[in-house]
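Peer 1: Going down the list, the protein sequences come from chains R and P.
Under the numbering used here, think of the first position of the first sequence as 1, with each following residue one higher.
Under the numbering used here, think of the first position of the second sequence as 286, with each following residue one higher.
Label-pair ranges, simulated between beta-carbon atoms:
#1 T129(R) / E697(P): 22 to 32 Å
#2 E694(P) / S144(R): 23 to 33 Å
#3 E694(P) / N12(R): 11 to 21 Å
#4 E595(P) / L127(R): 23 to 33 Å
#5 N12(R) / K649(P): 44 to 54 Å
#6 P653(P) / R174(R): 52 to 62 Å
#7 S144(R) / V670(P): 33 to 43 Å
#8 R143(R) / P664(P): 38 to 48 Å
The set of hints was computed from the structure by calculation and includes no laboratory data.
Bear in mind that the values here come from a model prediction, so they are computed numbers and not experimental data.
Beta carbons are placed, not taken as given, at the ideal position from N, Cα and C, and that holds for glycine.
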Amino acid sequence: MATSDLITPATNTWCPGCGNFAIEHALKDVVARMIDEGTPADEFVLVTGIGCHGKMADYLGINSFYAIHGRTIPVATGIALANPDLRVICCAGDGDCYGEGLEHLVFAAKRNVDITLVVHDNRVYGLTTGQYTPTSPLGFPGRSTPAGSPEYPLNPLALMVGAGATFVARAYSRRLPQLRALIENALSHRGFSFLEVLQVCASFYNQTGYYDEHTYDLDPEEFPIADVDRALHLAREWDYSRDSRISLGALYRSRLPTYQEHLAAQRAGIREPGRAIREFLDERT
Amino acid sequence: MEEFSVLIGGRAGEGINRASAVLNRMMARLGRFVYMYYDYPSLIRGGHNFAIVRSADHAVRTHRDRVDMVLCLDSETVRRHEGRLNPGGVLLYDSSTVKEAEGVPVPLNEVLDAEKAPPITRNSGMIGAFCRVAGISWPLVEEVFVREFGRHAEVNLRVARRAYDSVETQFRVSGGNREPMPVLTGNEAIALGLVRGGLDTYIAYPMTPTSSILHFLAEFARRTEITVVHPESEIAVILMALGAAYAGSRCAVGTSGGGFCLMTEGLSLSGMAEVPVVIVLGQRPGPSTGLPTYSCQTELLFARHAGQGEFPRLIAAPMDADEAYVWSARALDFAWRFQVPAILLVDKTLCEGGYSAVIDPDMKISTPDVGTDASQDEPYLRYRVTPTGVSPMRTVPSKGAVIKVNSYEHDESGTTTEDASVSATMQEKRREKVRTLADALAGFEPVAVSGAGDARVGVVTWGSTGGVVLEAVEGLALRVIRPVVLEPFPVDAYRAAVQGLDRIVVVEQNWTGQLEQLLRVHGFATDARVQQYDGRPFTVEDLASRLAEVV
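All chains, full assembly: derive it from the sequences and hints.
Peer 2: Written as structure tokens, this is what we have:
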């Protein structure tokens, strides 16, 4: 299909140079290709939170649930529960899913629910004009922390490996082919796929130069990918605060039965409610 | 013996709840209407638990202060409850733990030793002794134990039999004149009602008094197609439910006030996105953790106002198990038809009380059709503006349709907008649903009326309190008015219900007068009030005397 069919007529209001454009186009390209390869277009569902990333729901011409701040993951989990055949893509911001909704992130990994989470990590609150987020570096001079953030950043990749995510990867919004490939890998992975995208915020935290200089690509052939220790080691290479190399690519991948698969194995029985109720009433008489 | 009440008490952990369920069932097998009140503190071991099983040959939905028998597994029960005995009543006590009491001793230690039975069967011994004293035939005891305990019946029956043989019959609880009816807790009736309404998924985080809906449906799900999920928090509960609803699953959730606080943001999302959900809100006294295992009616105004912004919602407050079944089914069906959140407002008294249930497994719900056929729409617009305010709803996946739901204000396609005129149109569309919903509910007896036809005084009440009010007004020239639907408030039905009355007394379990405030908002005057806020439901005697002071 023409990828332009996947872009809605809604007016785009991201700032020029915003990293969200790259994520939007990578997503669109991957979805278009999957549709061409036979996945019905109506089986894709996008869930977004609130923040600049959320506008993706208005801009992509696929089913979407434009949810509330921090709560993309439980909505996506509910959708996946109701219909395990759907391709559920969850776009969330860093404030959105490392801050307000952190518990849902940990539980999604713990459950191995079959959804794909793309975190637009620009390490700053954009829509509320420039406060620190859970991944801003120590000393970040945001509008709520003018003297510098007094907190150490969270390391989401280490957290996800520790919490049991079965696909953990990092991309960068200025490395489009790799971003596209990782989205494709994440979508084809059965289980909880966590893809963090280091995203440039053109208005409030433009780290283009820093990321261009410090990122490097992992060679997926180089190490056994289902190695938790190796994945943790890689995840800890950069702590989101001090200078270091920043790896891009898939850190970890393993196959475990998904939440939906466990539930499906337990489901059985009577479809007709009247009969089920009558049987119970008989037991209680 | 037309009416008969028995109280059983002991320490938490002694199986008082199970024992009262057996007693309730015993009375139901006699063909009597039953009601069970269970009073327990929020702990697992120790503390005082008691239950009152009341039965009669007419429907009972509440307990009395006075009882005909007291069964004491410890001396605390003797001390607290011997004063409740009616003249001619009998007290049975475990003579191995209670040193001195006026009544019939039952040597439970000896019984258990002789049968080499575990301590947990002690309550079965007490029930055996009770059955003999109350003139219940052994075959019936046997039948009820087998039904209740299944493969554990044998040891319990041996203990019961030995205790049964250790005492003498003193009177005879007569059988009723009807076929035995099933006995359900309010929570079981709610769960079955949801199933009847087409429930696909139940999602909840445990919280008294609705936890047993979660437990019941989790078991029930093992033999049906229902999915039951217990997620990380009430926030996740309601958001998961909305996600599942969007993907075509009929969902309900259950909680109490504290969990409902966490759900309010999701409730507002349901209102804005028009993604339906049913919330079973079981009230317990607050503020905050309050009295976790007791009862109240303090969340009417909270339920009505919860969530930011203005949006339609349905609130229904059933009185007993029968109404709980009917209104849970309707709540689910109405929520889906009108695409609104629906709140089933109940309380600990109803949730955990045991009732004789008269429910129809094949009940038809027949929610009115409001023109929501989405099959013809092309292109599909999730929020198409219609005269009823209700848009045709499709769920994902739907061939050829892109379905967009949105927490932001949106246009008909579900795309975010900040346009003034579109915003106003969408607010009006949601407002219109309130009217459409109210019109549809008018055909479902949203206000129940009973009592003396020529009464000049009306007693207005809601929820489980209706059960005790109906009995407390017996013999008095009073009309009882129970709004079962509380939002959208059934203004016309209420006006008709209070026609010709000079004086209105409002009975409810709170101290701010929440129903009273709601009535005033709609322009209805009230004259007096009877309120209770100690966590315990009214008893018949107590309410009758308090009503006498104000009518």
